[in-house]
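Student: What follows is the residue order along each chain.
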Amino acid sequence: MTASPVKIPPAAARRWIDICALDDLPPDAGVAALLDLGERSSRQIALFRIGEGDEVHAVDNLDPCSGANVLGRGILCQIQGEPAGASPIYKQHFRLRDGRCVEDEGVIIAVFPARVRDGRVEVGVAEG
Amino acid sequence: MTDKMRVVVVGNGMVGHKFIEAAVASGAGLDITAFCEEPRIAYDRVHLTEFFSGRGAAALSLVEPGFYERHGVRVLVGDAAVTIDRAAKTVTARSGAVVPYDKLVLATGSYPFVPPIPGNDRDHCFVYRTIEDLEAIAAAGAAARVGVVIGGGLLGLEAAKALKDLRLQTHVVEFAPRLMAVQVDAGGGAVLREKIEALGVQVHTGKNTQAIEAGEDRRHCLRFADGSAIETDLVLFSAGIRPRDQLARECGIAVGERGGIVIDDHCRTSDSDIYAIGECALWGGRIFGLVAPGYRMATVAADHLAGGNETFTGADMSTKLKLMGVDVASIGDAQGTTPGAREFTYVDGVNGIYKKIVVDADRRQLLGAVLVGDAADYGNLLQFKLNELALPEHPDALILPRRDGAGLPGLGIGALPDSAQICSCHNVTKGQLCGAVGGGATTLAELKSCTKAGTGCGGCAALVGQVLNGELEKLGLEVCTDLCEHFGHTRQELYHLVRVHQIKSFQELHARHGRNSGGCEICKPAVASILASCWNEHVLGRRHAGLQDTNDRFLGNLQKNGTYSIVPRIAGGEITPDKLIALGVVAKKYDLYTKITGGQRIDLFGARVEQLPVIWRELIDAGFETGHAYGKAVRTVKSCVGSTWCRYGVDDSVGLALDIEHRYKGLRAPHKLKFAVSGCTRECAEAQSKDVGVIATERGWNLYVCGNGGMKPRHADLFATDLDRDTLIRYVDRFLMFYVRTADRLQRTASWLDNLEGGLDDLRAVIIEDSLGIGAQLEEEMAAVIASYQCEWKTAIEDPVKLRQFRPFINSDRADEQVVFVREREQIRPARADELEGVPA
Ligand code: SRM
Ligand SMILES: Cc1cc2nc3c(=O)[nH]c(=O)nc-3n(C[C@H](O)[C@H](O)[C@H](O)COP(=O)(O)OP(=O)(O)OC[C@H]3O[C@@H](n4cnc5c(N)ncnc54)[C@H](O)[C@@H]3O)c2cc1C
Ligand code: SF4
Ligand code: FES
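As they're listed, the protein sequences go chains X and Z. Using the working numbering, read the first sequence as starting at 1 and increasing by one per residue. Using the working numbering, read the second sequence as starting at 1001 and increasing by one per residue.
Careful: at least some of the hints might be erroneous.
With a straight-line Cα cutoff of 30 Å, these simulated BS3-like cross-link-like pairs (lysine-lysine) come out [unchecked claim]:
no.	chain 1	residue 1	chain 2	residue 2
1	Z	Lys1560	Z	Lys1164
2	Z	Lys1004	X	Lys91
3	Z	Lys1802	Z	Lys1579
4	Z	Lys1452	Z	Lys1474
5	Z	Lys1322	Z	Lys1712
6	Z	Lys1672	Z	Lys1452
7	Z	Lys1560	Z	Lys1322
8	Z	Lys1595	X	Lys91
9	Z	Lys1595	Z	Lys1712
10	Z	Lys1712	X	Lys91
11	Z	Lys1004	Z	Lys1089
12	X	Lys91	Z	Lys1579
13	Z	Lys1672	X	Lys91
14	Z	Lys1560	Z	Lys1794
15	Z	Lys1320	Z	Lys1452
16	Z	Lys1322	X	Lys91
17	Z	Lys1794	Z	Lys1595
18	X	Lys91	Z	Lys1320
19	Z	Lys1802	Z	Lys1672
20	Z	Lys1164	X	Lys91
21	Z	Lys1595	Z	Lys1579
22	Z	Lys1579	Z	Lys1589
23	Z	Lys1595	Z	Lys1164
24	Z	Lys1672	Z	Lys1474
25	Z	Lys1560	Z	Lys1589
26	Z	Lys1164	Z	Lys1004
27	X	Lys91	Z	Lys1089
28	Z	Lys1672	Z	Lys1560
29	Z	Lys1322	Z	Lys1452
30	X	Lys91	Z	Lys1802
For each label pair, taking beta carbons as the anchor points, the in silico distance ranges come out as [stated by the list, open to error]:
no.	chain 1	residue 1	chain 2	residue 2	range
31	Z	Ile1596	X	Gly51	36 to 46 Å
32	Z	Ala1198	X	Asp104	44 to 54 Å
33	X	Gly38	Z	Glu1574	51 to 61 Å
34	Z	Gly1440	X	Gly51	44 to 54 Å
35	Z	Val1641	X	Asp104	45 to 55 Å
36	X	Asp36	Z	Glu1835	21 to 31 Å
37	Z	Gln1246	X	Gly51	51 to 61 Å
Just so you know, the hints here were simulated from the structure itself, not pulled from any lab data. All residues carry an ideal CB built from backbone N, CA and C; glycine is no exception.
Use the sequences and the hints to build the structure in full.
Tutor: Here it is, written out as structure tokens:
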């Protein structure tokens, strides 16, 4: 009788979706990507690569403060050691690890697990 | 099964959710189940109206994704509790489920009261409480022209704002003789009414609605007791709230005479295993219709469950709001009903400002206040009231305008005790703020994020700032001029380092002179701009692209819906018919909204990222180049037609404007730069409002500098007179490069000069007399920029690597289908949130 509104999958129930080569991602910047969820459904995400290495973060591309799909076009920031993306529209910061808006605790965007395997960037979604 | 205490929460509104957060944080290890009647988990009802201004339902959510799962909280979404069996200690759900509890928390909130007017159940009659209500209103609003709100209280005016946002002709009907009768007195109500009416909302007070019938022109006709009537397409009731106490009532829990579940200081009802919190609860004979007291109750109940002893002792109902852009605030005894109370009133009939304070018979203490039109004094007055501070000798000084720059009498922030509550939304005291500053929070942002003060309604922000500054002063800290946490330098120092050490990239500068890892949206664009001013490399180079603000990164101006605008350079505002036609052809082909700008050129709006390169290819083929409208760079040189055509013109202003624009185009600077050239003293090009203005005289050119339009207009200063063309250009070269060298980030020339030690005289000395001996150097630096000019768009479309940056997605060429336009006046415009219904999410 549990109806969970939001699903954060446990590691086992994750499906990893291939996005692009790590080299496609510009260093210290964001891009938008399309997360293909099958059955003609997809979701826009923003990918940020920290430095030239293989630390990659994936969050929603939708900026909740403006309603536009633009977060991948924002500047990558480090705020007290925490990576964050700045919305290019009204400049709010979203922490990449937990999706929280720095300026407004109540606003949160979805965060997806991301990893690099054999030079490819993969993003995890819930199985099924 | 577990042996944890089973807690059931009925209602997953603002307060129910706050309770769960507090209960989880208490670490008591509870087994929590919550009933959530609405189809979505807790959201921010206080900011409900923002749903209409583009914030979707998701953005209003109060629940951090995964929060309930992580803490094993079960939420029954879309299921309501229908009965409570206190003997068996179970709750039965509408779905049939039976949930046992050890402790039960009722957080059922309230429902909007709909007055018993015949016809109140007609179609297109709404209330204003949930997202579903708003969706229904938006749907009906799409086909409506007129809307009426019944009820002119706080919520009624919010609702009226929503109808305005839906572009309806809006009426507010109020039974009482004035608006916001609870919070505001007659004088304040009158000023408020004037302001609201000036915004195009028609206000009808003293109207007793007797029936809602079918209308002749519109769907409904509202009939009033005085015989008058209004026709409207939709009706919105906002006539107060009533506590949802039915569940409690039916199982025999004590409720108040006029409704509300009776609670004690621990928020317990008459059944000691059942708590009630939020708008359904009645404490001390009162219902608290605001969220802050509800939050306090949630904390108290969670604490008591965990064995604590916190108490709820009532709440201050003072409020400060912005209703349709009008500041309204009310403190304590706003109506002056305390025996012996005296009043002081200040009315500014010109600017629509009303302020009143209510003081006790001895004029020692503040009892209440009303502020309309200007609520800047709210924070101070509230402190007087809450801390029972002694009033100054002339209490009226607290609300009189302070024109001579004198400070506020009586109350320096230092006068407040540490226990003074500064932020009432998050219950933060002055002492806590001071502690946080002492603990290292030395900026407003840090202070806000570590104490939460100022992050609710925002009403306390000014006071929080005062506490911060006061504390910094006490600690002997000076105001920090560091660029940001990544560089302990000013922009000017960084510019110098880049020049002297020939630094060519952000990474290099940061490695040698930065601190903390990474960068941010302050230092990255600032350094990118410095690098561009010095070395003028293409802004989309691999080392530079990630540093740019979005406008520079996509070489276009970002619009509210994520599309871009395109502004080709039209130097001096002069354009051939062929080019005008070419612009029209491109705009038509790509269906771009077309507008003449305030800078004498033509802006094409609504291009998606991936369309930018193809559109620019066509524009470049037609002979255009980029206009740098996106950059902190030289924008436009406005011209008047000048001596070539104008019978008064004394020199060729268009010719000079063209030369200047082509000379400096592409120059990146701390902020944008605008120029103008007028052909005579009539000044049709408005040169005296520009960073650099030139006006023709019989004997040459007069040069003006540091003018500004925009937010804080400043007339330019006359810098030098009767110059020949070469001297003029030399001065402008030096002036611009000196500004680029020494200004702060995002500082226009106007505020740069206002902050320049020595002012205009020193500036003249540097530029004209070369007092620093840097004249030749400045000219050389400018020559290097001019020599390395490239049309950024031309370079971009010829370089496959740069072109890749304009793909909509790194892994797909599909266009963003959530960008939706509608047509208005024969052109496109971005769809508003309420027009986006049914668009795939
Ligand atoms: C398009 C245009 C309005 C129009 O439809 O006419 C416009 C549009 C914007 N202006 Fe402007 N300004 C436009 C002429 C002006 C003018 C008039 C002028 O240049 O003669 C002014 C006052 C003159 C001045 O700057 O001193 C002006 C003062 C501002 C300001 C305030 C600057 C200030 O110093 O106070 C801003 C905000 C800022 O730059 O921080 C601003 C910012 C903006 C932004 C960039 C706002 C934004 O961030 O989205 C707008 C970009 C829209 C776009 O996509 O192109 N705009 N803006 C005009 C473009 C002129 C052009 O051809 O490039
Ligand atoms: C448009 C608007 C603007 C406002 N502006 C402000 C403001 O500026 N400042 C301010 O302080 N306050 C404001 N308020 C008031 C504020 O929203 C309320 O004080 C607050 O929401 C009360 O919280 P609550 O949890 O008690 O009630 P609610 O938020 O109403 O939550 C109660 C929830 O319980 C659910 N429920 C009820 N019965 C059951 C049941 N039997 N089973 C399951 N679920 C049930 C309801 O569906 C509802 O979701 C505003 C309200 C509105 C509507
Ligand atoms: S005045 Fe304001 S709204 Fe108008 S274009 Fe300039 S920035 Fe935009
Ligand atoms: S009082 Fe509302 S944010 Fe501080």
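Student: A separate judgement is required for each hint: does it hold in the structure or not?
Tutor: Going through the hints against the structure:
| no. | hint | in the structure |
| --- | --- | --- |
| 1 | Z:Lys1560 x Z:Lys1164 | holds, 20 Å |
| 2 | Z:Lys1004 x X:Lys91 | violated, 44 Å |
| 3 | Z:Lys1802 x Z:Lys1579 | holds, 27 Å |
| 4 | Z:Lys1452 x Z:Lys1474 | holds, 23 Å |
| 5 | Z:Lys1322 x Z:Lys1712 | holds, 24 Å |
| 6 | Z:Lys1672 x Z:Lys1452 | violated, 35 Å |
| 7 | Z:Lys1560 x Z:Lys1322 | holds, 23 Å |
| 8 | Z:Lys1595 x X:Lys91 | holds, 26 Å |
| 9 | Z:Lys1595 x Z:Lys1712 | holds, 25 Å |
| 10 | Z:Lys1712 x X:Lys91 | holds, 22 Å |
| 11 | Z:Lys1004 x Z:Lys1089 | holds, 16 Å |
| 12 | X:Lys91 x Z:Lys1579 | violated, 36 Å |
| 13 | Z:Lys1672 x X:Lys91 | holds, 19 Å |
| 14 | Z:Lys1560 x Z:Lys1794 | holds, 26 Å |
| 15 | Z:Lys1320 x Z:Lys1452 | holds, 18 Å |
| 16 | Z:Lys1322 x X:Lys91 | holds, 23 Å |
| 17 | Z:Lys1794 x Z:Lys1595 | holds, 23 Å |
| 18 | X:Lys91 x Z:Lys1320 | holds, 26 Å |
| 19 | Z:Lys1802 x Z:Lys1672 | holds, 24 Å |
| 20 | Z:Lys1164 x X:Lys91 | holds, 27 Å |
| 21 | Z:Lys1595 x Z:Lys1579 | holds, 15 Å |
| 22 | Z:Lys1579 x Z:Lys1589 | holds, 15 Å |
| 23 | Z:Lys1595 x Z:Lys1164 | holds, 26 Å |
| 24 | Z:Lys1672 x Z:Lys1474 | violated, 38 Å |
| 25 | Z:Lys1560 x Z:Lys1589 | holds, 22 Å |
| 26 | Z:Lys1164 x Z:Lys1004 | violated, 51 Å |
| 27 | X:Lys91 x Z:Lys1089 | violated, 50 Å |
| 28 | Z:Lys1672 x Z:Lys1560 | holds, 21 Å |
| 29 | Z:Lys1322 x Z:Lys1452 | holds, 21 Å |
| 30 | X:Lys91 x Z:Lys1802 | holds, 25 Å |
| 31 | Z:Ile1596 x X:Gly51: 36 to 46 Å | holds, 45 Å |
| 32 | Z:Ala1198 x X:Asp104: 44 to 54 Å | violated, 31 Å |
| 33 | X:Gly38 x Z:Glu1574: 51 to 61 Å | holds, 56 Å |
| 34 | Z:Gly1440 x X:Gly51: 44 to 54 Å | violated, 27 Å |
| 35 | Z:Val1641 x X:Asp104: 45 to 55 Å | holds, 50 Å |
| 36 | X:Asp36 x Z:Glu1835: 21 to 31 Å | holds, 28 Å |
| 37 | Z:Gln1246 x X:Gly51: 51 to 61 Å | holds, 59 Å |
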